[in-house]
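Engineer: Take a look at the letters that make up each chain.
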Amino acid sequence: MISQAEVEDLARLYEAGFWNLEFFSQEAASARIEYNARVLELYERECSSAPPRERLPFGEFKAGMADKIKAFLKKRRK
Amino acid sequence: MVVASGWAAAVLFARNKMAASAPSEIAELVRASEAVNERTWAAIPSGQPDEETLNDFADKLLDLRADMLALYKMAVLDARRAESADEVAAIWNAVLSFARSLLTGWTVVGTVDPATEKLIDHTRQFLVRFEKTAAEHYQAHSRE
Numbered sequence: 001m002i003s004q005a006e007v008e009d010l011a012r013l014y015e016a017g018f019w020n021l022e023f024f025s026q027e028a029a030s031a032r033i034e035y036n037a038r039v040l041e042l043y044e045r046e047c048s049s050a051p052p053r054e055r056l057p058f059g060e061f062k063a064g065m066a067d068k069i070k071a072f073l074k075k076r077r078k
Numbered sequence: 001m002v003v004a005s006g007w008a009a010a011v012l013f014a015r016n017k018m019a020a021s022a023p024s025e026i027a028e029l030v031r032a033s034e035a036v037n038e039r040t041w042a043a044i045p046s047g048q049p050d051e052e053t054l055n056d057f058a059d060k061l062l063d064l065r066a067d068m069l070a071l072y073k074m075a076v077l078d079a080r081r082a083e084s085a086d087e088v089a090a091i092w093n094a095v096l097s098f099a100r101s102l103l104t105g106w107t108v109v110g111t112v113d114p115a116t117e118k119l120i121d122h123t124r125q126f127l128v129r130f131e132k133t134a135a136e137h138y139q140a141h142s143r144e
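Those protein sequence lines, which keep their order, are chains A and B. At position 24 of the first sequence (counting the first as 1) the number is 24 in the working numbering, and the numbers step up by one without a gap. At position 21 of the second sequence (counting the first as 1) the number is 21 in the working numbering, and the numbers step up by one without a gap.
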């Protein structure tokens, strides 16, 4: 189960890494690396214990996580 | 001497890939950037250029970079507004395909003049970074 604090932290990294308009921003590049690492960690924690045939593919997990974060950010901005 | 083998095929491949999924705004911007790139490509000096020719080429390369940076900003803004990760992936897939086609083109080009080569090399370095960044955006959202 992914906690609210983890979602908030991912949202912070997502915003810094993927919503930054500055192409040359080192901060944004670092945030993207950190975001990807956290998503991978969460995947391993949440999905690695499932049998291989039932395991959610990483791509699906990653896209689902991005959807979740986008929804969280949208809700927070309202 | 200018060598451009493989580039036309890469651009066509990118166009076909984009046509399938890119939002029309981004696809339109990519087409505009393609035109800027073609103008820059046409301005590559042959032989030993005089100062004016070299300066004109340097200006066109700057235009190309500025255009790519504008495309980046627009893609980020469009991705912010997008409702789903799939939409974001489609936006960045279009940008990434275009960046790859440019990189292929500017990698195979060869010149005899060291000053021209230096300018082109600087552009290549920028395009490598651009392609990497677009790939990061795409990969974080794609289902691949």
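Please keep in mind that the hints were generated in silico from the structure rather than gathered at the bench. Mixed in with the good hints, there may be bad ones.
[Said to hold, decoys possible] Cross-link-like lysine-lysine pairs, in silico, PhoX-like; alpha carbons within 25 angstroms at most:
#, chain 1, residue 1, chain 2, residue 2
1, B, Lys132, B, Lys60
2, B, Lys118, A, Lys68
3, B, Lys73, A, Lys75
4, B, Lys73, B, Lys60
5, B, Lys132, B, Lys73
6, B, Lys118, B, Lys132
7, A, Lys78, A, Lys68
8, B, Lys132, A, Lys78
9, B, Lys118, B, Lys60
10, B, Lys73, A, Lys74
[What the hints assert, rightly or not] Which chain A residues stay away from chain B? Per the calculated CB distances, all over 10 angstroms, these:
#, residue
11, Ile2
12, Asn20
13, Tyr35
14, Arg55
The C-beta atom is built at its ideal place from N, Cα and C for all residues, glycine as well.
Engineer: A separate judgement is required for each hint: does it hold in the structure or not?
Structural biologist: Results for each hint:
no. : hint                   : result
1   : B:Lys132 with B:Lys60  : 23 angstroms, holds
2   : B:Lys118 with A:Lys68  : 45 angstroms, violated
3   : B:Lys73 with A:Lys75   : 23 angstroms, holds
4   : B:Lys73 with B:Lys60   : 20 angstroms, holds
5   : B:Lys132 with B:Lys73  : 15 angstroms, holds
6   : B:Lys118 with B:Lys132 : 21 angstroms, holds
7   : A:Lys78 with A:Lys68   : 16 angstroms, holds
8   : B:Lys132 with A:Lys78  : 33 angstroms, violated
9   : B:Lys118 with B:Lys60  : 14 angstroms, holds
10  : B:Lys73 with A:Lys74   : 19 angstroms, holds
11  : Ile2                   : 16 angstroms, holds
12  : Asn20                  : 7 angstroms, violated
13  : Tyr35                  : 7 angstroms, violated
14  : Arg55                  : 15 angstroms, holds
When the structure is compared with the earlier hints, violations turn up for hints 2, 8, 12, 13 and for no others.
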